[in-house]
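Construct all of the structure, not just a fragment, from the sequences and the given hints.
One letter stands for each residue in the lines below.
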Amino acid sequence: MAVVTIQIGQCGNQIGRQLFSTIHNDITAKQTAVSSSQNDDYTSASLQRFFRRETDMHMPEARAVMVDMEHKVVTRMMSEANKEGMWKYGKGQQYFKNSGSGNNWAHGYLVHGPEAQESVLELVRREAEACDRLGGFLCLMSLAGGTGSGLGAFITGCLREHFAHAHIINQVVAPYGDGEVIVQDYNTVLTLSRLHRDSDAVIVAENDGLHKVCATRLAHKHVAFSHMNSVLAHQLGALLQPAATCGRACTLSDMLEALVSHPDYKLLSMMHVPQVSNASLSFSTSTWPSLLTRLQRMHEMHSVADEGFSWAAPSRNRSVCNLLVARGKDSSSLDCLPLTDRRSYVSWMPASCTLSLWSHPRHYAGLERSALLLSNSASVASLLDRVVDKAWGMFSSRAYLHQYARFGLGEDDFVNSFAVLEQIVHNYKNL
Amino acid sequence: MGGGTGSGLGTFVLRLLQEEFPEVHNRFVTAVFPSAADDVVTSPYNSILALRQLTECAEAVIPVENQALQEICDKISRATTAGGEKNSNPIKDGSAISDNHHNTGSKRSEKPFDRMNNVVANLLLNMTSSARFEGSLNIDLNEIAMNLVPFPRMHYLIPGMAPLYSLSVVASQPRRLDEMFNDVFSRRHQLIRADPKQGLYLSCALLVRGKVQLSDIRRNIYRIKPSLKFVHWNSEGWKTGLCSVPPTGQPYSLLSLANNTCIKDTFADLVVRFNRLYSRKAHLHHFMAIDGMEISDFEESVECAKSFISEYTALESQYFQPACTSIPRLRVAEGNMMLS
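The listed protein sequences correspond, in order, to chains A and B. Numbering of the first sequence is given in our numbering, commencing with residue 1 and proceeding in unit increments. Numbering of the second sequence is given in our numbering, commencing with residue 1 and proceeding in unit increments.
Hints were generated in silico from the structure; no laboratory data involved. The structure displayed is predicted, hence computed values, not measured ones. A portion of the hints provided could be inaccurate.
To be verified - Computed Cβ-Cβ distance ranges for the label pairs, DEER-style:
1) Phe21/B <-> Ala244/A: 58 to 64 Å
2) Arg331/B <-> Ala244/A: 42 to 48 Å
3) Lys75/B <-> Leu281/A: 52 to 58 Å
4) Arg53/A <-> Arg15/B: 56 to 62 Å
5) Glu307/A <-> Ser310/B: 51 to 57 Å
6) Tyr222/B <-> Asn82/A: 49 to 55 Å
7) Leu9/B <-> Lys83/A: 50 to 56 Å
8) Arg406/A <-> Ser296/B: 29 to 35 Å
9) Lys97/A <-> Val13/B: 25 to 31 Å
10) Ser44/A <-> Tyr222/B: 18 to 24 Å
11) Glu84/A <-> Tyr222/B: 34 to 40 Å
12) His262/A <-> Val13/B: 55 to 61 Å
What the hints assert, rightly or not - Within a straight-line C-alpha distance of at most 30 Å, the following computed DSS-like cross-link-like pairs (lysine-lysine) qualify:
13) Lys75/B <-> Lys97/A
14) Lys30/A <-> Lys329/A
15) Lys75/B <-> Lys281/B
16) Lys221/A <-> Lys83/A
17) Lys88/A <-> Lys30/A
18) Lys211/B <-> Lys221/A
19) Lys72/A <-> Lys211/B
20) Lys211/B <-> Lys225/B
21) Lys229/B <-> Lys197/B
22) Lys83/A <-> Lys72/A
23) Lys197/B <-> Lys281/B
24) Lys221/A <-> Lys225/B
25) Lys72/A <-> Lys91/A
26) Lys83/A <-> Lys211/B
27) Lys281/B <-> Lys306/B
Where is the CB? At the ideal position from N, CA and C, for every residue including glycine.
Shown next as structure tokens:
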């Protein structure tokens with residue numbers, strides 16, 4: 001199974017580069033605690049999934065398409081990959097212009113989108129055809145900017161139209177709550193309303209959460225985007241690297257089947273333990289019960305960071321369903337009891353479908369045991385509620401609307417997008 | 001704005017750009033507003049007439065006032081004479097930014113407005129730095145216009161800079177980062193005579209250059225925010241840009257562009273000076289002698305300025321009564337969406 005990654009905008013491209021590096025480092029890791037044949041199976045499956053190469057002599061090339069409206073970030077990401085010297089981006093798999101989108105969703109969606117459509121689809125087709133078996137598309141983008149959000153939403157729609165049967169998963173990054181871009185809430189509302197229609201699953205990561213992980217658990221004195229990107233890449237790697245369930249290899253279909261069984265509930269949140277800095281890596285060990293209890297606590301408290309819980313969390317976190325990916329010794333025979341409490345799942349989900357377990361005995365990223373929880377639950381409601389509230393406040397004062405109208409996005413479009421988001425928030429709040 | 005060519009021909013060119021290149025949306029104008037002690041007698045007329053054009057045709061206007069620039073230059077030279085000549089000049093003599101063609105310390109053959117113009121040049125350099133250099137949070141002119149201009153006519157962005165420097169001279173020892181953030185919001189660091197802390201912020205951009213961490217910026221925003229008044233629907237109305245290359249001779253610098261209602265005082269000043277002349281019909285015949293100039297142009301322009309001022313005042317009153325402008329959110333009814 002192969003996954004084609006589409007990196008859109010500054011955020012998407014930076015995360016993508018980090019993701020491929022993380023995966024490649026995992027592939028070439030020495031301490032894996034499995035037999036060499038098991039290791040070979042894993043590494044070849046992973047290489048197949050994310051990279052292509054003509055022969056063993058060639059450097060692996062990432063199965064990726066890089067899209068941005070200006071060239072600085074794409075060029076820098078390519079040169080960073082080359083500097084690492086372990087893998088590289090395919091030549092010609094980049095699309096960029098010189099204009100930028102100016103944080104304007106309408107500019108990205110209504111102007112740059114149609115202009116870029118032909119070329120980007122061609123690049124995606126090229127990657128897709130190079131796969132023996134296409135597992136699906138992974139789109140990486142931000143919600144705040146103009147390119148990631150607007151062009152990203154448009155490209156997702158194109159993928160849906162042209163690859164009707166392919167699985168499309170979006171990894172989106174929500175900006176800091178206290179503002180990176182002034183119109184970020186408008187851009188978020190507009191993007192999510194489109195993605196909810198066109199994408200199969202949307203994994204929502206928040207800068208606030210990632211920042212907390214870096215500042216508290218990883219003890220970075222000055223948290224920079226590169227730290228946060230590497231945390232997110234680490235989590236994505238834990239999710240997407242080869243794993244098995246019920247004796248057979250896991251695919252993106254399995255993920256969607258496990259998590260997105262109802263079309264109204266597509267928003268997912270990711271949590272990963274243990275969270276240790278590189279310095280403490282060799283000193284830490286964890287047992288499965290302790291890891292699972294921690295995950296369960298984080299899940300209840302809607303916290304991506306394994307620390308600093310606000311005990312004023314309103315109620316038990318209700319989930320539609322969850323996926324647990326465990327990597328390390330004895331992961332397949334895990335006792336998932338802490339996460340299977342029937343009361344924290346909705347009543348209309350059959351008990352056998354509430355929690356799925358994927359596992360692999362191999363160490364991931366130097367961690368003896370690690371666990372990732374990908375959850376379809378009400379965690380996401382508070383973020384959306386806040387965003388819609390602020391965006392609506394601006395909208396009712398008619399602020400910035402002329403900037404969007406200039407590219408053809410009218411008030412009706414806004415109202416429709418708000419309607420979609422209010423419905424999503426309502427659904428999740430009433431789980 | 002005060003002269004004839006700049007204000008008249010300048011705004012005509014602006015209109016021309018709008019008509020000939022409609023798809024190029026960003027027309028940024030750096031406009032020098034005349035000070036009270038201006039040597040051009042008819043500058044109030046010119047300014048009010050030009051103001052109307054600027055409000056209608058420009059995307060964003062960065063107003064600058066000679067008086068404020070003069071005060072800044074005075075401050076810089078006072079600080080250096082007080083500090084002595086021990087500042088080793090980090091800028092090469094003869095390089096374009098320093099405009100220092102002779103290798104002497106205090107004596108330079110500079111023209112009268114050189115220092116003031118240099119401050120404005122630095123403003124423009126800082127504004128475009130992200131487009132020219134790398135950084136972790138790039139911000140280009142499109143983004144500035146998009147984020148700072150919530151309503152099409154309210155596009156006046158008040159510039160504030162820290163540290164203050166002109167030609168090759170820096171105002172004082174390099175300040176601590178936090179002090180720089182404080183400075184950039186103070187009255188003395190604005191390039192027009194206005195105090196943004198008294199007015200209401202619609203939005204604000206902070207363009208940082210140099211070795212500054214994102215966390216420092218966020219920390220300072222958090223710290224300063226309570227002392228500033230923001231309009232209620234944009235309480236987090238900050239746009240940040242971070243460029244890794246500092247300006248020559250400095251470790252870091254900060255430029256703030258604030259869309260703030262205190263600009264209305266500048267306009268009100270202009271209107272007062274305009275009326276002083278207009279009520280006597282002084283110097284009008286020179287303007288009327290030009291073909292195509294009507295008395296109604298004067299009337300309309302000053303009316304335009306006055307209504308513009310009242311728009312800003314209305315926004316300010318909103319600050320004290322936020323509830324009356326907000327519409328309740330859409331409600332989900334079982335089965336269908338209903339608008340409340």
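Structure-based check of each hint:
1. Phe21/B <-> Ala244/A: 58 to 64 Å: 60 Å, holds
2. Arg331/B <-> Ala244/A: 42 to 48 Å: At 46 Å between Cβs, range holds.
3. Lys75/B <-> Leu281/A: 52 to 58 Å: Hint holds: Cβ distance 53 Å, inside 52 to 58 Å.
4. Arg53/A <-> Arg15/B: 56 to 62 Å: 58 Å, holds
5. Glu307/A <-> Ser310/B: 51 to 57 Å: Given a distance of about 52 Å, which is inside 51 to 57 Å, the answer is holds.
6. Tyr222/B <-> Asn82/A: 49 to 55 Å: 39 Å, violated
7. Leu9/B <-> Lys83/A: 50 to 56 Å: 52 Å, holds
8. Arg406/A <-> Ser296/B: 29 to 35 Å: At 30 Å between Cβs, range holds.
9. Lys97/A <-> Val13/B: 25 to 31 Å: 28 Å, holds
10. Ser44/A <-> Tyr222/B: 18 to 24 Å: 49 Å, violated
11. Glu84/A <-> Tyr222/B: 34 to 40 Å: Taking Cβ atoms as reference, Glu84/A and Tyr222/B lie about 36 Å apart, which means the hint holds.
12. His262/A <-> Val13/B: 55 to 61 Å: 59 Å, holds
13. Lys75/B <-> Lys97/A: Between Lys75/B and Lys97/A the Cα gap is close to 44 Å, so the pair fails against 30 Å, i.e. violated.
14. Lys30/A <-> Lys329/A: Satisfied, since the Cα-Cα distance of roughly 16 Å is no more than 30 Å.
15. Lys75/B <-> Lys281/B: 39 Å, violated
16. Lys221/A <-> Lys83/A: 26 Å, holds
17. Lys88/A <-> Lys30/A: Judged against 30 Å, a Cα distance of about 21 Å means the pair holds.
18. Lys211/B <-> Lys221/A: 15 Å, holds
19. Lys72/A <-> Lys211/B: 19 Å, holds
20. Lys211/B <-> Lys225/B: Holds, at roughly 23 Å.
21. Lys229/B <-> Lys197/B: 7 Å, holds
22. Lys83/A <-> Lys72/A: 16 Å, holds
23. Lys197/B <-> Lys281/B: 37 Å, violated
24. Lys221/A <-> Lys225/B: 23 Å, holds
25. Lys72/A <-> Lys91/A: 16 Å, holds
26. Lys83/A <-> Lys211/B: The given pair, whose Cα atoms are some 23 Å apart, holds under the 30 Å limit.
27. Lys281/B <-> Lys306/B: Distance ~19 Å between Lys281/B and Lys306/B Cα, so the pair holds.
Taken one by one, the earlier hints fail for this structure at numbers 6, 10, 13, 15 and 23, listed in ascending order.
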